[in-house]
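Two chains, two frames, a set of hints: combine them into the complex.
Listed below are the residues making up each chain.
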Amino acid sequence: MGVITQEAREWADREYPTRQFEVNARDIQKYAAAIGETAAIHFDADAARAAGFRDIVAPPLFPYVIRMQAYGIVDSGTLEPDGSTSDDVPPVPTRRAMAGETSIEMGVPVIAGDVVTVEKRLMDLYEKEGRSGPLVFVDMEFTFRNQDEDLVARERFTRIYR
Amino acid sequence: MSAVGDFAVGTEVSTESRTPTAVDLFMFSAAAWLLHRIHYDLPFTTEHDGHPALLIHGPLQGMYLVQSAQRWVGPGATLKSVRYRHHAPAYLGDTLVCGGSVTNVDEAEGTVELELWVKRDDEATTTGAAVFSLPAEGS
Numbered sequence: 001m002g003v004i005t006q007e008a009r010e011w012a013d014r015e016y017p018t019r020q021f022e023v024n025a026r027d028i029q030k031y032a033a034a035i036g037e038t039a040a041i042h043f044d045a046d047a048a049r050a051a052g053f054r055d056i057v058a059p060p061l062f063p064y065v066i067r068m069q070a071y072g073i074v075d076s077g078t079l080e081p082d083g084s085t086s087d088d089v090p091p092v093p094t095r096r097a098m099a100g101e102t103s104i105e106m107g108v109p110v111i112a113g114d115v116v117t118v119e120k121r122l123m124d125l126y127e128k129e130g131r132s133g134p135l136v137f138v139d140m141e142f143t144f145r146n147q148d149e150d151l152v153a154r155e156r157f158t159r160i161y162r
Numbered sequence: 001m002s003a004v005g006d007f008a009v010g011t012e013v014s015t016e017s018r019t020p021t022a023v024d025l026f027m028f029s030a031a032a033w034l035l036h037r038i039h040y041d042l043p044f045t046t047e048h049d050g051h052p053a054l055l056i057h058g059p060l061q062g063m064y065l066v067q068s069a070q071r072w073v074g075p076g077a078t079l080k081s082v083r084y085r086h087h088a089p090a091y092l093g094d095t096l097v098c099g100g101s102v103t104n105v106d107e108a109e110g111t112v113e114l115e116l117w118v119k120r121d122d123e124a125t126t127t128g129a130a131v132f133s134l135p136a137e138g139s
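So the sequence lines, in the order shown, correspond to chains Z and E. Residue 118 in the numbering used here sits at position 118 of the first sequence, and the numbers go up by one each step. Residue 135 in the numbering used here sits at position 135 of the second sequence, and the numbers go up by one each step.
Isolated chain E (complex conformation) (with noise of 0.2 Å):
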């Protein structure tokens, strides 16, 4: 199991690549009943709203930044705080790549901060940051 003292500043965060499909898509929808069209009706979304393609969910884009951070900071570490802000809309046959770095590391505190994006080729769809907690010692 990782420890704090095991990050340091600097650091970058694996990449994890993503491709949702419009099945899972779907299933963000139902599971979170998020509602809104622009996720699921084609014709709404390119004739009413003018995108090319059904759009990834916002909250699903953090969710994959909050995975991706979880997997490379070690399942013992603790979420305990996230923020995220998307920039442009990333469609449906985007590859998105989640990835970030390390900001800060309070060994006092036992955290450790990270930067986190995720990207459509070098484009940021969305960017933010989260807190983990760690035990003070590896176990």
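Next up, chain Z with everything else stripped away, as it sits in the complex (with noise of 0.2 Å):
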């Protein structure tokens, strides 16, 4: 006996929506910061010059804070109530979320004015029987490619519901 219903076999049937996300130099500094990046290539556009790239340089897992801001900024009042946005949360029992596997192939650089596109897919919708009671899997993929088609990430990403 699963917790995965038909409703959440619909829910899980969705496709969301292409986004557009142009990437400002503050972005990138602020995450740069954030992590503990010293390096004048993510906060110094003509550091960034000087080592052969147009603008201020994203670090690699740059493409993350992309899908967040571009699928994430929402009213907070649609939110769930631990603060996750509502449009990832299948309608299941179990709703205390965690991180699972994330797994992420490179592209090129990302770089402060680029306009990156992003698609996201729901992969799969899955239950596994837990320690302490079922736990349902929620694989993500996301996709970026920039201006020029290149591609700049593919991430796929596994949310743990217990």
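By construction, these hints were calculated from the structure, which means they are not laboratory data. Do not rely on the hints blindly, as some may be mistaken.
[What the hints assert, rightly or not] Covered by chain Z, according to a simulated footprint, are these stretches of chain E (three or more residues, beta-carbon under 8 Å):
no.	stretch
1	17 to 29
2	39 to 50
3	66 to 72
4	81 to 95
[As the list claims (entries may be wrong)] Partial list, computed: chain Z residues near chain E (C-beta under 8 Å):
no.	residue
5	Y31
6	A34
7	P60
8	V65
9	L79
10	D82
11	S84
12	R96
13	A99
14	E101
15	T102
16	E105
17	M106
Yeah, the Cβ is synthetic: ideal placement off N, Cα and C, and Gly gets one too.
So, in structure tokens, the structure goes:
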């Protein structure tokens, strides 16, 4: 007997809109500061140009920030009680979210001024029996391409509800 | 600059320790627009989710894993792919140590693969792997 009902299966057939996200220097600078990066190419356009880039360069996992903002800037009243975006929460009784596995293939670097197109897909919804009850797994895939159609990153991400 | 031939399977990645503060956790939530309350709302985290303290974000630990690996392989190496998973919560106040070892060197492809971990004391909170590409010859 599972916790994934017919209603949840239908929820999993959803399609998400494609989003465009213009990357500005300040987003990159804030993220670089938040993770303790100090290299000048993340903060200073002249230093980035001297290193052969068009403008300020984002640290490698910056596409995560792009997709969080591309899909997550919503009215706070629409969020789940735990603060997560309700669009991503399946209709199942187990609602405490944990991050599962992340797998990222990196393409070209993200540069300030890039316009990145993000495609979001729900790949799979399934359940396993955990030590303290059922666990529900949601597999998502995000594909990021820049204005030149170059692949920036492809991220597979599993969220677990218990 | 390092080259692929400079790496050997089994070599250990230099360890790095990180002890994020409440300000570091807030900066990461804000910069990433990560709104999950277990990273900034202590009463919610303890009373609703039963944790003893605020949690260090999974993606922040993923970033620590990548940063320590990148510093060890050198600035001339380019990250091609990374994967990681979380095994246990990491809490505000924990000191996390990042390390790992070389698991594959492919001279034809010009890539080095590392197995990586983030540990609190001897317990892995996050484990993963990364592939970097490097120049064939040092320059």
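Please write out, lowest number first, the hints stated earlier that are contradicted by the structure.
-> none
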